[in-house]
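Asker: Going by UniProt numbering, the first residue of the sequence shown is number 1, and it counts up by one from there.
No lab work stands behind these hints, which were simulated from the structure alone.
This structure is a prediction, so every number in the text was calculated from the model and none was measured.
Each residue gets a CB set at the ideal place from its N, CA and C atoms; glycine is no exception.
Careful: at least some of the hints might be erroneous.
Claimed, not checked - Listed next, with one range per pair, are the computed distances between beta-carbon atoms:
1. Ala15 with Lys49: 14 to 24 angstroms
2. Cys12 with Glu38: 12 to 22 angstroms
3. Asp24 with Pro44: 15 to 25 angstroms
4. Ala15 with Pro67: 13 to 23 angstroms
5. Glu17 with Asp42: 16 to 26 angstroms
6. Lys41 with Leu14: 11 to 21 angstroms
7. Pro44 with Ala2: 24 to 34 angstroms
8. Asp24 with Gly48: 23 to 33 angstroms
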Amino acid sequence: MAHYHFDLIDGCTLADEGGRDLADDIAAADEADRMASELYKDRPELRGKDYAISATNLEGEEVHRAPINRRSPPFAHSGAALNR
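Using the sequences plus the hints, can you model the full thing?
Answerer: Okay, here's the thing in C-alpha cells:
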C-alpha cells in the first residue's frame, strides 16, 4: 500500500491533509477520476474552469491529474489498458 493525497487545484491548491492508502498509482488515478466525476456532478459551478484533482504520492510527485470538465468514468485506468 502507498499513501496518496488528492488536492483540488485551480491555480491555487486546496490541500487534502489526510490522504488515503491505496494499492498503487493506478488505484490513485482511478480515485482521482472518481472524485473529479463526483465534483462535476455535484458542483456545477466548477465546470468549464481549470479545476482538477491532483493525486500525489508521499514524495509530493503528481501521479495523475483529473480535470473537472467532463464526467470521467471511474476506474478508467484499471484492467484492459494495462494488459496491452
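Asker: Hints first: check each against the structure and report whether it holds.
Answerer: Here's how the hints hold up against the structure:
| no. | hint | in the structure |
| --- | --- | --- |
| 1 | Ala15 with Lys49: 14 to 24 angstroms | holds (19 angstroms) |
| 2 | Cys12 with Glu38: 12 to 22 angstroms | holds (21 angstroms) |
| 3 | Asp24 with Pro44: 15 to 25 angstroms | violated (32 angstroms) |
| 4 | Ala15 with Pro67: 13 to 23 angstroms | holds (18 angstroms) |
| 5 | Glu17 with Asp42: 16 to 26 angstroms | holds (21 angstroms) |
| 6 | Lys41 with Leu14: 11 to 21 angstroms | holds (19 angstroms) |
| 7 | Pro44 with Ala2: 24 to 34 angstroms | holds (33 angstroms) |
| 8 | Asp24 with Gly48: 23 to 33 angstroms | holds (32 angstroms) |
Violation of the numbered hints given earlier is confined to hint 3; every other hint is satisfied by the structure.
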